[in-house]
Amino acid sequence: MNILTYLIPISLILGAVGLVAFIYTVKSNQYDDPEGDARRILSDDYDDKPKQ
Amino acid sequence: MTVPMRPSPSACPACAAAPAAEALAERALKPAQIALSLPTIHCSACISKIERGLNAHPGVRGARVNLTLKRASIDAAPEVSAEELRTLVEGLGFEAHELDGASLGATATGRAGRDLLMRLAVAGFASMNVMLLSVSVWSGAEDATRDMFHWISAAITLPAIAFSGQPFFRNAWAALSKGRLNMDVPITLAIVLAIFTSLWETVLSGEHAYFDAALALTFFLLAGRYLDHRTRAIARSAAEELTALEVPRATRLQDGVEAQVNIAELRLGDLILVRPGGRMPVDGEIVTGTSEIDRSLLTGETLPVFAGEGQAVSAGEVNLTGPLTVRATAVGADTSLHRMADLVAIAESGRSRYTSLADKAAKLYAPGVHILSALSFLGWYLYTWDMRTALNIAAAVLIITCPCALGLAVPAVTTAASGRLFRRGMLIKHETALERLAQVDTVVFDKTGTLTTGTPQLTNLAALPRRAVECALALAQGSSHPLARAITTAARDGGFAATQLTDVTEVPGYGTRALWNGQEVRLGRASWTGAAPLAETASFLKIGDQAPLAFIFADRLRPGAAEAVEALKSSGKTVILMSGDTTPAVEALALRLGIPHWVAEALPADKSARIQALSGEGAHVLMVGDGLNDTAALAAAHVSISPASALDAARVASDIVLLGNDLTPIAAACDTAQSATRRIRENFRIATIYNMIAVPLAVAGLATPLIAALAMSLSSITVSLNALRLR
Numbered sequence: 000m001n002i003l004t005y006l007i008p009i010s011l012i013l014g015a016v017g018l019v020a021f022i023y024t025v026k027s028n029q030y031d032d033p034e035g036d037a038r039r040i041l042s043d044d045y046d047d048k049p050k051q
Numbered sequence: 000m001t002v003p004m005r006p007s008p009s010a011c012p013a014c015a016a017a018p019a020a021e022a023l024a025e026r027a028l029k030p031a032q033i034a035l036s037l038p039t040i041h042c043s044a045c046i047s048k049i050e051r052g053l054n055a056h057p058g059v060r061g062a063r064v065n066l067t068l069k070r071a072s073i074d075a076a077p078e079v080s081a082e083e084l085r086t087l088v089e090g091l092g093f094e095a096h097e098l099d100g101a102s103l104g105a106t107a108t109g110r111a112g113r114d115l116l117m118r119l120a121v122a123g124f125a126s127m128n129v130m131l132l133s134v135s136v137w138s139g140a141e142d143a144t145r146d147m148f149h150w151i152s153a154a155i156t157l158p159a160i161a162f163s164g165q166p167f168f169r170n171a172w173a174a175l176s177k178g179r180l181n182m183d184v185p186i187t188l189a190i191v192l193a194i195f196t197s198l199w200e201t202v203l204s205g206e207h208a209y210f211d212a213a214l215a216l217t218f219f220l221l222a223g224r225y226l227d228h229r230t231r232a233i234a235r236s237a238a239e240e241l242t243a244l245e246v247p248r249a250t251r252l253q254d255g256v257e258a259q260v261n262i263a264e265l266r267l268g269d270l271i272l273v274r275p276g277g278r279m280p281v282d283g284e285i286v287t288g289t290s291e292i293d294r295s296l297l298t299g300e301t302l303p304v305f306a307g308e309g310q311a312v313s314a315g316e317v318n319l320t321g322p323l324t325v326r327a328t329a330v331g332a333d334t335s336l337h338r339m340a341d342l343v344a345i346a347e348s349g350r351s352r353y354t355s356l357a358d359k360a361a362k363l364y365a366p367g368v369h370i371l372s373a374l375s376f377l378g379w380y381l382y383t384w385d386m387r388t389a390l391n392i393a394a395a396v397l398i399i400t401c402p403c404a405l406g407l408a409v410p411a412v413t414t415a416a417s418g419r420l421f422r423r424g425m426l427i428k429h430e431t432a433l434e435r436l437a438q439v440d441t442v443v444f445d446k447t448g449t450l451t452t453g454t455p456q457l458t459n460l461a462a463l464p465r466r467a468v469e470c471a472l473a474l475a476q477g478s479s480h481p482l483a484r485a486i487t488t489a490a491r492d493g494g495f496a497a498t499q500l501t502d503v504t505e506v507p508g509y510g511t512r513a514l515w516n517g518q519e520v521r522l523g524r525a526s527w528t529g530a531a532p533l534a535e536t537a538s539f540l541k542i543g544d545q546a547p548l549a550f551i552f553a554d555r556l557r558p559g560a561a562e563a564v565e566a567l568k569s570s571g572k573t574v575i576l577m578s579g580d581t582t583p584a585v586e587a588l589a590l591r592l593g594i595p596h597w598v599a600e601a602l603p604a605d606k607s608a609r610i611q612a613l614s615g616e617g618a619h620v621l622m623v624g625d626g627l628n629d630t631a632a633l634a635a636a637h638v639s640i641s642p643a644s645a646l647d648a649a650r651v652a653s654d655i656v657l658l659g660n661d662l663t664p665i666a667a668a669c670d671t672a673q674s675a676t677r678r679i680r681e682n683f684r685i686a687t688i689y690n691m692i693a694v695p696l697a698v699a700g701l702a703t704p705l706i707a708a709l710a711m712s713l714s715s716i717t718v719s720l721n722a723l724r725l726r
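Chains as they are written, first to last, in numbering that gives the first Met the number 0: chain A, 0 to 51; chain B, 0 to 726.
Please note that a few of the clues may not be correct.
Said to hold, decoys possible - Think about it this way: if two alpha-carbon atoms lie no more than 30 Å apart in a straight line, the pair counts; the simulated DSSO-like pairs of lysine-lysine are:
no. : chain 1 : residue 1 : chain 2 : residue 2
1   : A       : Lys48     : B       : Lys69
2   : A       : Lys26     : B       : Lys48
3   : B       : Lys359    : B       : Lys177
4   : B       : Lys48     : B       : Lys69
5   : B       : Lys69     : B       : Lys177
6   : A       : Lys26     : B       : Lys428
7   : A       : Lys26     : B       : Lys359
8   : B       : Lys359    : B       : Lys572
9   : A       : Lys48     : B       : Lys48
10  : B       : Lys428    : B       : Lys568
11  : B       : Lys428    : B       : Lys362
12  : B       : Lys362    : B       : Lys177
Said to hold, decoys possible - Chain B side only, calculated, beta carbon under 8 Å to chain A, not exhaustive:
no. : residue
13  : Ser47
14  : Arg60
15  : Asn65
16  : Leu115
17  : Leu116
18  : Met117
19  : Val121
20  : Met127
21  : Met130
22  : Trp527
23  : Ile706
24  : Leu709
25  : Ser712
Claimed, not checked - Here are some of the chain B residues that sit facing chain A, going by a computed Cβ distance under 7 Å:
no. : residue
26  : Ser43
27  : Thr67
28  : Lys69
29  : Ala120
30  : Phe124
31  : Asn128
Please keep in mind that the hints were generated in silico from the structure rather than gathered at the bench.
Quick reminder that beta carbons are idealized off the backbone N, C-alpha and C, glycines included.
Same shape as in the complex, but just chain B:
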């Protein structure tokens, strides 16, 4: 900070700050016009530098940086463009990306979380007060005093439960009205029965009232729900941010004038300009221009494909060298991209077949509790012919067995595990993803974009004559074609300097040509340089009339790919490489990484069929893929991971998203998932042990509200602490 510290003129800085906080809070509620993602901010200096910079812009009415979400919300005048503000922030020295406001619809999630938090707070404060009164009863308050305490407790509990218990009541009713049982049915029954018997006891000046138990139960269960919700809300907002990074905009040509429009506004027959580096927004036909297009996200091919007039292109392909004008033949939901994404929704997915551990426990637990409680009611009624005693004992059984610890067992562990994995750069999107990941014994990798980055690397630099490399560097350095860029990087790193060439012209779709000492030199595809095409990815240099020289490329490995494959193999998992690319390319990579099983030239349908076949043999398959050709396979697999660079459709289809560039966390995630599942099982066991001790007491009619309170709190706390042990 450059501003010197000064004593605050206000005696109490908090007093001065409070109205400001309120005003800011109101502003934050309004939808921000422009949102920027700021992945590199980390301290208070970053916050004030960016806020000061943005607020100094004349068109900005207000800017607020959120460090938790690493995002800035800016309220700006309509004429200010997001691009302008993005460059402004980049100028301040921070990485910034524009976010699409429409994809950031986090308000509904926020409201649900706030609602749960409010109910949790009411239950918490009410239970504190009631517990205070209950402690006096347990320590010996009698007669009129005890009755008064019970009445006050009832007056606090009834409205508090009516408000806080609503999520349980609603879920239980939804399940019952469909004729099913879920965890919320015994919860609701326990709460309602506890309050009913306690009221009855209070009216008759009885000794035992369970008001505190009903509130504590609601509080602990709501805490579990809130944890669960927060884990999912964090994952959802991070996933939304990934989607929002791709701002859906296209350049439409109207009477020769370029206009930036939203992709949703594109119509059939529109002429769309796609610049080099841009992604096709629609399916269409090339009207003018020649270029090369990268189809790796759709098919897994690494080699760019030639594109010329009259050729059909599909949405999602990336234009590489020359500008293309495309006439739209299918837009929006009709594009092949969308149709393929829809197929995924229809395909039976691994996640819908899986029953979570919590559901399994509930299925055993809910009927068991009801039967036990009904039996003890019946037994005591037949034994004493006293409705009041029998009902009291039945309520005690329900309260003591109530799944406080069961309700916390899963969310406490998943919150801890997801938080740990999130810090390592993995986003757990689906609630049962961790449990499914723990079972994985077979890992299937896609090649292009997953194990490799999709950017080529020159391999035969050492074998090429110096003059040729210097000439190729001169031809390549002006081009943005991936192969040309690979040559430039490799040659510069190797210490080569470009030769002087004249008349350098790039011919989109073919290569670059120039004049060198009066003879023509060409760097480009095989057919253009008169060379015989090779099996590997290659570019050719032709100097004058000499025979063309081949520059051979291999795909660059993604960082951590080798480590991840090695770690997965050493933990006893079968690793398979499955790609849509050509056989030599796939075989080379399999050899390089030591993957024994590989499949090449696999069509999207082949991939998912093979994965289904593996599942049919009893394997639990983890699919790691990024392209559209992988989406069906991602959905068919038991659990799936996609990198953040994947197509939106692939990210949606997968359970876990890798946020960083590195693949190493995959192996670590399998370990974390296994230990998380172990903790969940331990938690269930702890809860069962508590029940085994407390239930006989309750059935025998020996349980008091004190014992119920102790059993409930102790089991909930043990379970939460056990979850924190996760490493």
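Just chain A, with the same shape it has in the complex:
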């Protein structure tokens, strides 16, 4: 049963990481233009350096 002392914290941390990542995506407006974002990946406008 000692394995639980590792597994439970790991599962909790992984859950928390997922949640934080999701909150970050919501906060940074990544769901505002799903259709446009899907198409933008095909454009090579900022491939050399990111847009400032």
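Given the structure of chain A, go ahead and fit chain B onto it with the hints provided.
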């Protein structure tokens, strides 16, 4: 794309893109100074072409295209005008319209949606973790291990529920403090009771804890709420965009100098210049100029009315031929346009009388659940004299009956149906509009602007002598008057060429005159050409001293009008034509479309009174109209549709807006609405069946957290899948 593909220098393109996305996101949050609507964009090439074009403009600090909303937000220097950028985008080969930033107040809606999404995410992630622990308990964890799992579950659940459950707690409290019951009361009670008994069980090292059920319940219900919110947010933002397309600006004359001002800044006594094609921003009196004005949006008349000095005009009328200077006699909320729109708000509307299917279900459901749970508590307490057992069973009954499936039953279907109709060009503005549309058995159409486009069409071209048509074409081709334009189009399509005329002058409000081989030719209204006025819309050509020739016009049918009327009739609905226009014009159209019942010369009050009379006879009326004279009728009808070209007031009063030019989707929408209502009822039935199986188990004290979890998830998933079957 003209730029060749190159390998990216960064090993991980996403790493390079992440800070850029962040920076852009921050920019998107700031209110854009200029917004353009780009209805025709569809691909990545369009996005980069427009963005590159806009960013190349020296005054533009940043531009971002949103493909989902088909809109560009531009952060530009103050001296850059929207018109300048609009022409720039049009020059790139895309249709662009300026949007009024003030009408696009989508930020509040966005914030509410984000708030719900955040709560949904917390409930989802917490329930995943708790479910993991619960599965170990169900598969046989015992004693200290089980207790530890229960304690960890409690530690996750309590804060998660405290955050995620807030919308339900708030609504339930609002209802209870007014002494009423709504769907949120049993939800809140179930969540609170589940957590309370589970904590109690955990303290006493009991076997059953419902932490996972409480979280799953919150998650599914929030999913329903979020779907509901999104459907409405999409409809609202599209409706806002329609409003924003009409930029409220007017030309004010100050000491003879023209200045562009916001309509809200206009004051009584201001002199306002209205150019041909412009809409009157205020009620007023014509000071200088003669023209003709189109009052069809206000009264339903197709025939333009003569306007001269001293005549009163009302806001919303369209100036047709000559520039007019108008002195404002009523502005803003005092204009007749606004007063009529206010009447609509007072009129009792069909939508407020209607109780939605969800409310009906809640009214039956909420008291039933409470009574059932209280009875099982009382029964078990009297039977065992054990508070703990009785409370446990009462909680199990509440959790199992909890309206997960009921909460998803309506939003899942309306989301699917609204999405389908939106793609066909219909915008569902009101939440119960679909349910009401499904009941419709009588359809009332307005004429001008709804069944017809309001643009005239020349009908007697073949009967006119060739020389006359060629002469009329020469007179008409320079004018922007709708009748003149109809002559030009018809004559050009018929292969006629204009004759050579000299001294062509347009006399605003009357017509056009010129010299042809030394004799005067005139094309214009009856009185000006010395002709006897006709019942139909007509224009007259007078060559020299000859008798005037009549050019007769009929209103052009809106595309799909005939098909829509035919489809509605064949599905067994009564179709009625109700118009403010003259009897011959209405009768002709009714005959042309095969509409058996028609009413002409109906005043706005007549229209709504007739619709109320029809409702009084038990009919469910769908009103389709676009003008200000229709707004009261739109509000009085059971459900209402207006085309996108309608006045703002009419669009506000209606439940559904037709985005395209075509009327055919109306009949299809009735079918979709009917099948959507059928799906909603099916969903209620599915939820009831699950309850009928699970509730006896719960009352008998046989329900375990596993059974609760299974019943809840299965019913929610079946209901969502059933909604997706909608065709």
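Status of the hints after comparison with the structure:
{"no.": "1", "hint": "A/Lys48 to B/Lys69", "verdict": "holds, 26 Å"}
{"no.": "2", "hint": "A/Lys26 to B/Lys48", "verdict": "holds, 28 Å"}
{"no.": "3", "hint": "B/Lys359 to B/Lys177", "verdict": "holds, 19 Å"}
{"no.": "4", "hint": "B/Lys48 to B/Lys69", "verdict": "holds, 14 Å"}
{"no.": "5", "hint": "B/Lys69 to B/Lys177", "verdict": "violated, 43 Å"}
{"no.": "6", "hint": "A/Lys26 to B/Lys428", "verdict": "holds, 28 Å"}
{"no.": "7", "hint": "A/Lys26 to B/Lys359", "verdict": "violated, 37 Å"}
{"no.": "8", "hint": "B/Lys359 to B/Lys572", "verdict": "holds, 26 Å"}
{"no.": "9", "hint": "A/Lys48 to B/Lys48", "verdict": "holds, 18 Å"}
{"no.": "10", "hint": "B/Lys428 to B/Lys568", "verdict": "holds, 25 Å"}
{"no.": "11", "hint": "B/Lys428 to B/Lys362", "verdict": "holds, 25 Å"}
{"no.": "12", "hint": "B/Lys362 to B/Lys177", "verdict": "holds, 16 Å"}
{"no.": "13", "hint": "Ser47", "verdict": "holds, 5 Å"}
{"no.": "14", "hint": "Arg60", "verdict": "violated, 12 Å"}
{"no.": "15", "hint": "Asn65", "verdict": "holds, 4 Å"}
{"no.": "16", "hint": "Leu115", "verdict": "violated, 10 Å"}
{"no.": "17", "hint": "Leu116", "verdict": "holds, 6 Å"}
{"no.": "18", "hint": "Met117", "verdict": "holds, 6 Å"}
{"no.": "19", "hint": "Val121", "verdict": "holds, 7 Å"}
{"no.": "20", "hint": "Met127", "verdict": "holds, 6 Å"}
{"no.": "21", "hint": "Met130", "verdict": "violated, 11 Å"}
{"no.": "22", "hint": "Trp527", "verdict": "violated, 55 Å"}
{"no.": "23", "hint": "Ile706", "verdict": "violated, 25 Å"}
{"no.": "24", "hint": "Leu709", "verdict": "violated, 22 Å"}
{"no.": "25", "hint": "Ser712", "verdict": "violated, 19 Å"}
{"no.": "26", "hint": "Ser43", "verdict": "holds, 4 Å"}
{"no.": "27", "hint": "Thr67", "verdict": "holds, 4 Å"}
{"no.": "28", "hint": "Lys69", "verdict": "violated, 9 Å"}
{"no.": "29", "hint": "Ala120", "verdict": "holds, 5 Å"}
{"no.": "30", "hint": "Phe124", "verdict": "holds, 4 Å"}
{"no.": "31", "hint": "Asn128", "verdict": "holds, 5 Å"}
Of the hints listed earlier, those the structure fails to meet are numbers 5, 7, 14, 16, 21, 22, 23, 24, 25 and 28, in rising order.
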